[in-house]
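Sequences are here, hints too, so could you generate the full structure?
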Amino acid sequence: MSTLSTADEAVATRTVASDAFGRKSGARAVKDQLARALMWGAFLVALIPLVWILGATIVKGGHMLVDADWWGKSQAGITARREGGGAVHAIQGTLIQAGVTALISVPIGVLTAVYLVEYGRGRLAKAVSFMVDILTGIPSIVAALFIYALWVTTLGFQRVGFAVCLALTMLMIPTVVRSTEEMLKLVPNELREAAYALGVPKWKTIMKVVIPTSFSGIITGVLLGLARVMGETAPLIILGPYTAVIATNLFGGLMPTLPTMIYQNYSEANQPAIDRTWGAALTLILIIFLLNLLGRFAGRFSKVKS
Amino acid sequence: MAKRIDVKDLDIYYGDFKAVEGVTLTVEPRSVTAFIGPSGCGKSTVLRTLNRMHEVIPGGRVDGTVTLDDQDLYAASMDPVAVRRTVGMVFQRPNPFPTMSIRDNVAAGLKLNGIKNKKTLDEVVERSLQGANLWNEVKDRLDKPGAGLSGGQQQRLCIARAIAVDPQVLLMDEPCSALDPISTLAIEDLINDLKSQYTVVIVTHNMQQAARVSDQTAFFNLKATGEPGRLVEVADTQKIFSNPSEKATEDYISGRFG
Chain A
1 MSTLSTADEA
11 VATRTVASDA
21 FGRKSGARAV
31 KDQLARALMW
41 GAFLVALIPL
51 VWILGATIVK
61 GGHMLVDADW
71 WGKSQAGITA
81 RREGGGAVHA
91 IQGTLIQAGV
101 TALISVPIGV
111 LTAVYLVEYG
121 RGRLAKAVSF
131 MVDILTGIPS
141 IVAALFIYAL
151 WVTTLGFQRV
161 GFAVCLALTM
171 LMIPTVVRST
181 EEMLKLVPNE
191 LREAAYALGV
201 PKWKTIMKVV
211 IPTSFSGIIT
221 GVLLGLARVM
231 GETAPLIILG
241 PYTAVIATNL
251 FGGLMPTLPT
261 MIYQNYSEAN
271 QPAIDRTWGA
281 ALTLILIIFL
291 LNLLGRFAGR
301 FSKVKS
Chain B
1 MAKRIDVKDL
11 DIYYGDFKAV
21 EGVTLTVEPR
31 SVTAFIGPSG
41 CGKSTVLRTL
51 NRMHEVIPGG
61 RVDGTVTLDD
71 QDLYAASMDP
81 VAVRRTVGMV
91 FQRPNPFPTM
101 SIRDNVAAGL
111 KLNGIKNKKT
121 LDEVVERSLQ
131 GANLWNEVKD
141 RLDKPGAGLS
151 GGQQQRLCIA
161 RAIAVDPQVL
171 LMDEPCSALD
181 PISTLAIEDL
191 INDLKSQYTV
201 VIVTHNMQQA
211 ARVSDQTAFF
221 NLKATGEPGR
231 LVEVADTQKI
241 FSNPSEKATE
251 DYISGRFG
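Protein chains in written order, with our numbering: chain A, 1 to 306; chain B, 1 to 258.
Treat the hints as calculated values from the structure; they're not laboratory data.
Cβ atoms here follow ideal geometry from the backbone N, Cα and C, with glycine treated the same way.
A hint or two may mislead.
Said to hold, decoys possible - Straight-line distance between alpha carbons at most 27 Å, and here's what the computed BS3-like set of lysine-lysine pairs gives:
| id | chain 1 | residue 1 | chain 2 | residue 2 |
| --- | --- | --- | --- | --- |
| 1 | B | K3 | B | K239 |
| 2 | A | K204 | B | K111 |
| 3 | B | K223 | A | K204 |
| 4 | A | K202 | B | K223 |
| 5 | B | K116 | A | K208 |
| 6 | B | K8 | A | K204 |
| 7 | B | K144 | A | K208 |
| 8 | B | K3 | A | K202 |
| 9 | A | K204 | B | K116 |
| 10 | A | K185 | A | K204 |
| 11 | B | K118 | A | K208 |
| 12 | A | K208 | B | K119 |
| 13 | A | K202 | B | K139 |
| 14 | A | K202 | B | K239 |
| 15 | B | K119 | A | K204 |
| 16 | B | K8 | B | K223 |
| 17 | A | K208 | B | K111 |
| 18 | B | K139 | A | K208 |
Said to hold, decoys possible - Beta-carbon label-pair distances, calculated as ranges:
| id | chain 1 | residue 1 | chain 2 | residue 2 | range |
| --- | --- | --- | --- | --- | --- |
| 19 | B | R256 | A | R296 | 42 to 52 Å |
| 20 | B | V81 | A | E182 | 27 to 37 Å |
| 21 | A | G26 | B | K223 | 53 to 63 Å |
Laid out in structure tokens, this is it:
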């Protein structure tokens, strides 16, 4: 803005300038205003659903979250018609599954990206990159059905939390690969050459120079990817049905999560259940919001000093 | 310490593209050799073959021999990583590691190769920074980031980093082209000092610089557009700038090029 106003002042004070040279053209001013109005309009339209959803969820679910029971109790023994109980079982399940998903996806995703950027040449790299593109486009329900076919139909296991993690991993790996790839590409080649010229082997250059330089970007990408899979619902409905009690075993029994809690309570027509639906929705939004915030904050902890 | 470089019948390729053809030259120990010539004639490419850095670019390879005191750099058993520890390099743009402090930047070559002894590292850091004429300017802020220095200081930091690993030869690829005249003077003085310990090869676009700092000058040129680059003439700097044997050299240094 400041450069704009000084430019305007400069035009105003330059009285000797000829008309064609000094004055702002009328048509351009109109176009400028038009583009400005269009841009602001688009921004506001995009903002409407966001504010609406957030507002509705806070109004209808906010009162659930201020109750201490919400953060301390499960829904064990509470029917849809009764009030009370909490969401701690679902919160725990969501966090456990997200954590395990990240534990599997991050090493695979980051190492794939390192391969693609630092080593990949020729056919194999093209094939890997293509596969990642395909994986990015897989709908979550397809990933869920694939894991169902593998885990339940082929291997004969029960539907458990770990199967959910596998499906979520399929969705998270491509986002981690792509975001890490972008960050690694941003590291200037000169830094790699500087390390090579000191007689540092390639793998050590990657570990000690390339990855530390892009570290905060990689972390941000991972956290944003995690926030995305946390809200996924299709794999949970197919592979991890809801239960009202606390369950922390990934390999046995059902495991409740926030999305399945929302889905379960939404299908009941009673006010207490509807309240819980909104409460769980707000809790999920809150957790994802915190993760996003953490992702942005990670940028501040960058190891790049200037 | 310093070693002699012999280049013989060197052809350099990137994939099928022949970039440079038939280079033969000798660099004496404890001397400064300058590579001059128009852009794209292969000076930097030849420089990068002296520590096998051109292999970093996919498809880079050579025919011919490069020997360092009779050791063939391109022998099948020779590890390129070991070559680069012996033949250090300073680049066109200062490139300190942005994640590291001044101290860590200088110690990077040793640290990344597993030397952890703090006393040794501190000694090397001080000696290298003094060797690069930077010690007095940074001794009170060794823990500050290396990227916070001025351009000229950063370039001297990169030189300190390169000499910290105790190389035999120092290659410099247009080290002053991104610097102002005062920083350039500081680097040129430094090259003069470095000559007493190292063999220095410098690529420069600045002919006055070549005349000021070097003992020997090599003039490179393209045969014709699309043809590989070649070494036109190499001789004592004095001779190249006063009485070159080739007409192309004379045309270039007197500005009648092209």
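Hints not upheld, ascending by number
3, 4, 6, 13, 14 and 19
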